[in-house]
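A.B. asks: Given next are the chains, with one letter for each unit.
2 protein chains.
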Amino acid sequence: MKQRSKPFAEKFMVRPGRRFRLVDCDPGGDGIFADKEEAKVLTAKDAEAIDGLQDRLYAEGKRALLVVLQGIDCSGKDGTVRAVFNTCGPIGVRITAFKAPSAEELAQDYLWRVHKACPPRGFIGIFNRSHYEDVLVVKVRGLASPEAVARRYDEINAFEKHLSGNGTRILKFMLNISKQEQAVRLRERIATPDKRWKFNPGDLEDRKLWNDYMKAYEIALTRCSTSHAPWHVIPADRNWVRNAVISRIVRETLEEMAPQYPQPKDWNPARIKVV
Amino acid sequence: MKQRSKPFAEKFMVRPGRRFRLVDCDPGGDGIFADKEEAKVLTAKDAEAIDGLQDRLYAEGKRALLVVLQGIDCSGKDGTVRAVFNTCGPIGVRITAFKAPSAEELAQDYLWRVHKACPPRGFIGIFNRSHYEDVLVVKVRGLASPEAVARRYDEINAFEKHLSGNGTRILKFMLNISKQEQAVRLRERIATPDKRWKFNPGDLEDRKLWNDYMKAYEIALTRCSTSHAPWHVIPADRNWVRNAVISRIVRETLEEMAPQYPQPKDWNPARIKVV
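Protein chains in written order, with our numbering: chain A, 278 to 552; chain B, 278 to 552.
These are calculated hints, taken from the structure and not from any lab test.
All values derive from a computational prediction rather than experimental measurement.
Note that CB positions come from ideal geometry on N, CA and C, so glycine has one too.
Please note: incorrect hints may appear among the correct ones.
[As the list claims (entries may be wrong)] List time: in silico DMTMM-like cross-link candidates among lysine to aspartate or glutamate, alpha-carbon distance up to 20 Å:
no., chain 1, residue 1, chain 2, residue 2
1, B, Lys542, A, Glu482
2, A, Lys542, B, Glu465
3, A, Lys550, B, Asp332
4, A, Lys472, B, Asp332
5, A, Lys475, B, Glu482
[Claimed, not checked] In silico negatives: residues of chain A with every beta carbon more than 10 Å from chain B:
no., residue
6, Ala468
7, Asn488
8, Asp489
9, Glu533
Start from the sequences and build out the full structure, keeping to the hints where you can.
C.D. replies: This is how it looks when you write it as structure tokens:
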């Protein structure tokens, strides 16, 4: 089972150096899994495996894993975290939801708050949105000059290379939902009293800018999918496909990292007496 | 079922103003639950309920819950978090494990790092160890002057009163294991290759100081169990008793807080059209 010719991740990876187009990616994800039940069972097994691997990662204490989740409103970022990382739990996982920057954050360069939120060695860090907002919403809404945005792709690549060179493995996931599916989810959010608080009328302004956002994603994924920090485009119209694809890629990545429990160096287990 | 005459928590609560003695507390916890299976089922149900209540807490955005876990090595702090809070998951739960303070932290007063780690509104914060180490290990090992330690009980009470007055509900749990049970767990840790990394020969030095630690706990719990931040002493020799007791107290506390989903103030759900 471990003898796979190609990692599963490759099917979803944006090839470094190649121009990426969203039209080539199906948000449905038919045929990847036999059915919903199979996908859910696989996700649960992967989540268990991720939990065990994170324990080793922590015990080893040398490396970290950073998972970047990007996607338009309702693309399922929170749902992904729950399905893939709740088994691991809050002890091993540090999540940061990046919102509009505070005054303190705006007084620094845009990567300052991001660097501060990176996972310490031994942890899985999750970014719910990320520094990519600085080339997505910032570009679409014109919150920085076009020249400043243009510089950021290379800066982000340099930053991620630095992280990667210092022990942080990076996986980036774009949750790809269709415009129709977003409409379904927004309508459900508005219709359900217990979900209404998640909705903001301003979300509809972003929806009107759908094409601009998709273009910004295409540029960002084309310019910032690198061998040390690859982007993956995940079919996200069905939650169970999305969860099963991401859990398998995370699991395979951790298996490839193969963290090991350290053995005692300065004491001999056979000689310790607990009295 | 909701019509309880007395909250379950009262059985385990250290009465404010009363002298507390550990000898009155049984680490076994016989008879609280019918059996292990029942306790596990109840814990899982409580964990689900806590998840739902935290969602409301976040949506409401006005208050936080801080859970302080204290206990000697092997008392089960991590196991408690997994059993009670993994269902809620890393999105809603922020955990801080307090280790020996860093140089930066030592350059500030002892509550500085603690305040910084307090949960934002909407979150459940968990302290794995806490500011109570500043009247436990610090007292037992003489890491601060007796006069400085003596001042801290009142300072801690004032700090917790401040938090409580500003929207943070506080629950403090002392995981009470017997000295015999700690020996069993330490021996298992040493004997199991995958758990050995958790053991430090220095842990045995703390074990030799068992009585000093227990005295320090008695003073801390006597002086710092208050109506706004009560201490609970949890029978912890059996994991399933410990988990079921804590999950029920956390659930009852959140139910009493009764967070509510907010309804939209400045928009009318019936008028929103998603196109």
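A.B. asks: Tell me if the straight-line CA distance from lysine 475 of chain A to glutamate 482 of chain B falls inside 20 Å.
C.D. replies: The hint is violated at about 51 Å.
A.B. asks: Run the C-beta distances from asparagine 488 of chain A to all of chain B and say if the shortest one exceeds 10 Å.
C.D. replies: 14 Å, holds
A.B. asks: For the pair supplied as a hint, lysine 472 of chain A and aspartate 332 of chain B, confirm whether the alpha-carbon distance does not exceed 20 Å.
C.D. replies: Judged against 20 Å, a Cα distance of about 10 Å means the pair holds.
A.B. asks: Is the straight-line distance between the alpha-carbon of lysine 550 of chain A and that of aspartate 332 of chain B 20 Å or less?
C.D. replies: Violated. Lysine 550 of chain A to aspartate 332 of chain B sits at ~47 Å, over the 20 Å cutoff.
A.B. asks: Over 10 Å to the closest beta carbon of chain B is the bar; see if aspartate 489 of chain A clears it.
C.D. replies: 17 Å, holds
A.B. asks: Holds or violated: lysine 542 of chain B with glutamate 482 of chain A, Cα cutoff 20 Å?
C.D. replies: 19 Å, holds
A.B. asks: Mind verifying the non-interface call on alanine 468 of chain A? Its CB should be farther than 10 Å from each CB in chain B.
C.D. replies: Its Cβ does come within 10 Å of chain B, the nearest being 7 Å, so this is violated.
A.B. asks: Within a Cα-Cα threshold of 20 Å, do lysine 542 of chain A and glutamate 465 of chain B meet the stated pairing?
C.D. replies: 19 Å, holds
A.B. asks: Should the label of glutamate 533 of chain A as a non-interface residue stand, given a Cβ cut-off of 10 Å to chain B?
C.D. replies: 20 Å, holds
In summary, the structure is inconsistent with hints 3, 5, 6 from the numbered list given earlier, while agreeing with the others.
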